[in-house]
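Number of protein chains: 2
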Amino acid sequence: MIEIAVLGFGTVGSGVVELIDNNQEWIRRSVPEGIHVKYILDIREFPNSPYADRVVHNIDLITEDPEVKIVCETMGGKEPAFTFSRKALESGKSVCTSNKELVEALGTELMLTAKQNGMSYLFEASVGGGIPILRPLRNSLVQEEITTIGGILNGTTNYILTKMEQEGAAFDDVLKIAQEKGYAERNPEADVEGYDCGRKIAILASLATGRKADYDEIPCEGITKIAAPDFAYAKAIGRAVKLLGIARKLGDGSWSVRTAPFLVPKEHPLYPVSGVFNAVFVHGTMVDDLMFYGRGAGKNPTASAVVSDVVELAMHIGVPLRSAWNEEKLTLANSDLECHRFYIRAAAEKAPALQAAFSSLEQIDLGGQGGPETAAFVTDEISERTFAQCLGEIEVQNVIRLL
Amino acid sequence: MIEIAVLGFGTVGSGVVELIDNNQEWIRRSVPEGIHVKYILDIREFPNSPYADRVVHNIDLITEDPEVKIVCETMGGKEPAFTFSRKALESGKSVCTSNKELVEALGTELMLTAKQNGMSYLFEASVGGGIPILRPLRNSLVQEEITTIGGILNGTTNYILTKMEQEGAAFDDVLKIAQEKGYAERNPEADVEGYDCGRKIAILASLATGRKADYDEIPCEGITKIAAPDFAYAKAIGRAVKLLGIARKLGDGSWSVRTAPFLVPKEHPLYPVSGVFNAVFVHGTMVDDLMFYGRGAGKNPTASAVVSDVVELAMHIGVPLRSAWNEEKLTLANSDLECHRFYIRAAAEKAPALQAAFSSLEQIDLGGQGGPETAAFVTDEISERTFAQCLGEIEVQNVIRLL
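Just so you know, the protein sequences line up as chains Y and S, in that order. Quick note on numbering: our numbering labels position 356 of the first sequence as 356, and the sequence is numbered without any gaps. Quick note on numbering: our numbering labels position 282 of the second sequence as 282, and the sequence is numbered without any gaps.
I should point out that these hints are in silico values taken from the structure, not numbers from a laboratory. Since this is a predicted model, take the numbers as computed values, not measurements. A hint or two may mislead.
All copies of an identical chain are treated as equivalent in the list; a pair is satisfied when it fits inside any one copy or across any two copies.
What the hints assert, rightly or not - Straight-line distance between alpha carbons at most 35 Å, and here's what the computed DSBU-like set of lysine-lysine pairs gives: (1) K38 / K176; (2) K266 / K225; (3) K176 / K299; (4) K176 / K225; (5) K78 / K181; (6) K38 / K249.
From just these sequences and the hints, can you work out the full model?
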């Protein structure tokens, strides 16, 4: 048996423990000796859990036990997750995690610690929940020059946008339903402001380039300004509103990384991805377009991804796996120079000013259904800077980029 | 440098050689010593190719050269591909291939030969073209109990069905266009009769279960009976016509495997997959629904998948990889007992007979657009046997299962 420890017995941690128990038969196809959870670290007691006797409260019990080969960190947050993960790596245990916040902020440091100690640090579950995406990038697409990566990386906001579109409901009302269903947190800021999506695209961009993209430098917009008319105008031009995290290699070799709502055309594989599902789109110069689709969150899918890391680590005891990226920083392109077509929604009275400000605007016709008080336009492809200069002081209701 | 040989300098083989040359920079991230094509085996000469000096005509030159560690078989067909692959494995070279016909028919034997010689036999490119699917199944989903696998596995037929749907065109006309565009072979039988799709679902079912599903036992229907009205009726019930290869675990633990056109509902992730694209759908008990989407054919995507195998083999020289399945045979469920809902299209005059034969039929209403001469119905969920018994001698125009 390969002994492991799970840090944090919350939703994901308990899913990991249960999956390893329940699916031992399948796991043994790849790890014939089997995998066993020896310790569960948590500050709480779980007297009614069948795993109560494995719960411990002191990390040293785990790091000092030479039988433990793998540590799963499913605590979330930066501390004490970082200190515990580093300690585990320094004690000769490989570590895997579902903790995107930690991976984005301190993953580079933990991968370096892993390397220095001949260990591995994996984090498949940190992006796309149950979707296998980091391992395919690392194992199946190394021969590719990837020029675009990203997609629908946050299930909460995709659920909200889907509901708003299908039911014509307002943002606040749908958010309330999502909170009642447990799809959104009581404090939804990290989801609806795009921060969660931003962390995930930072991780994907780092993986695709091998250099660390810094979350703090990535322009980040959420979905709080999206309103019912935006869906109607989007539909009229054959598009849907999606919150995307997207990283693209530009002509000069630099990378642009951004989190924002986009109007996605019908022909694009991301267009039909709805509800709580996530999808990661990848373009490689040889393989062309790929998309990986699945559940981006939830106890079992996330636990499945964590256990896929456990299995890979169990198959590579004593064989350190290549770090996902190195310590070099990915210098992002000047986002002001990035070019897009922009959708603008404004009060109808602003139409003349907008038409005067932009050399060429295409008005979206709702066939009279949009009401007389609102107008919407699409610009030519122009840079962010030119767009801001043309718009100047004209007051508009919303602006969304076209994919 | 890790030296390799490529057998067959056709479309895929030349793509492999070019990709390894052009993307050496990316490959070296995983294989720091680099990969080099030492030999290209073909019966032809290629005097104008930049690789002319590497072309050889005798397999022994390759199998007897101890420098060659990996052989890519991109010849297609069973012979001499099988003999050459076995010889390479017996000579201590690992082998990878894009040859689905060979993998389906003799892959079990080649994996056994590989195992006996401490070598590996990989075939990522044999299903789904450039889509990473076999390696994710082997490396990212081992902890899952997979209960459904399959999808759109043949780009030619998906292109034909998409064109028929979009343009209301007849099968024969679209086939002709597909042949002119190079999407369909001059002899299109393997594609349009579903044989290619059948081989691929046999491979996927074998991978998911670890036991060999036999192509000859898989019920196989093509798309030659699909006609314009089927798309109209499908649309009226929110569905699209797709040729699927699909393997499902039944309640009693047995597996049903089938290739046939299906009516796929709008909510299903396979519904929007159109044109030459392929998509593999996977359901695992923990991870829930997954889909892997990309180009199922074409020189560069297929070459990319072959090279992903080369890279994995180069990273595992001296470390044999687990066989994808063992020698045990997968006993298929009795396909007569499989339950589906069935769509029936018939001359309008057959409606009373059909309604008398089936206890419950739902008629599809095209709002008068279907013309008076045709009627279409959907049955309840019934077994294949019950369906055949109820239908009896009633003459119908087409029958399609509902997914």
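We went through each hint and held it up to the structure:
no.: 1; hint: K38 / K176; verdict: neither (40 Å within a copy, 63 Å between copies)
no.: 2; hint: K266 / K225; verdict: both (22 Å within a copy, 29 Å between copies)
no.: 3; hint: K176 / K299; verdict: within (21 Å within a copy, 50 Å between copies)
no.: 4; hint: K176 / K225; verdict: within (16 Å within a copy, 50 Å between copies)
no.: 5; hint: K78 / K181; verdict: within (27 Å within a copy, 55 Å between copies)
no.: 6; hint: K38 / K249; verdict: between (45 Å within a copy, 33 Å between copies)
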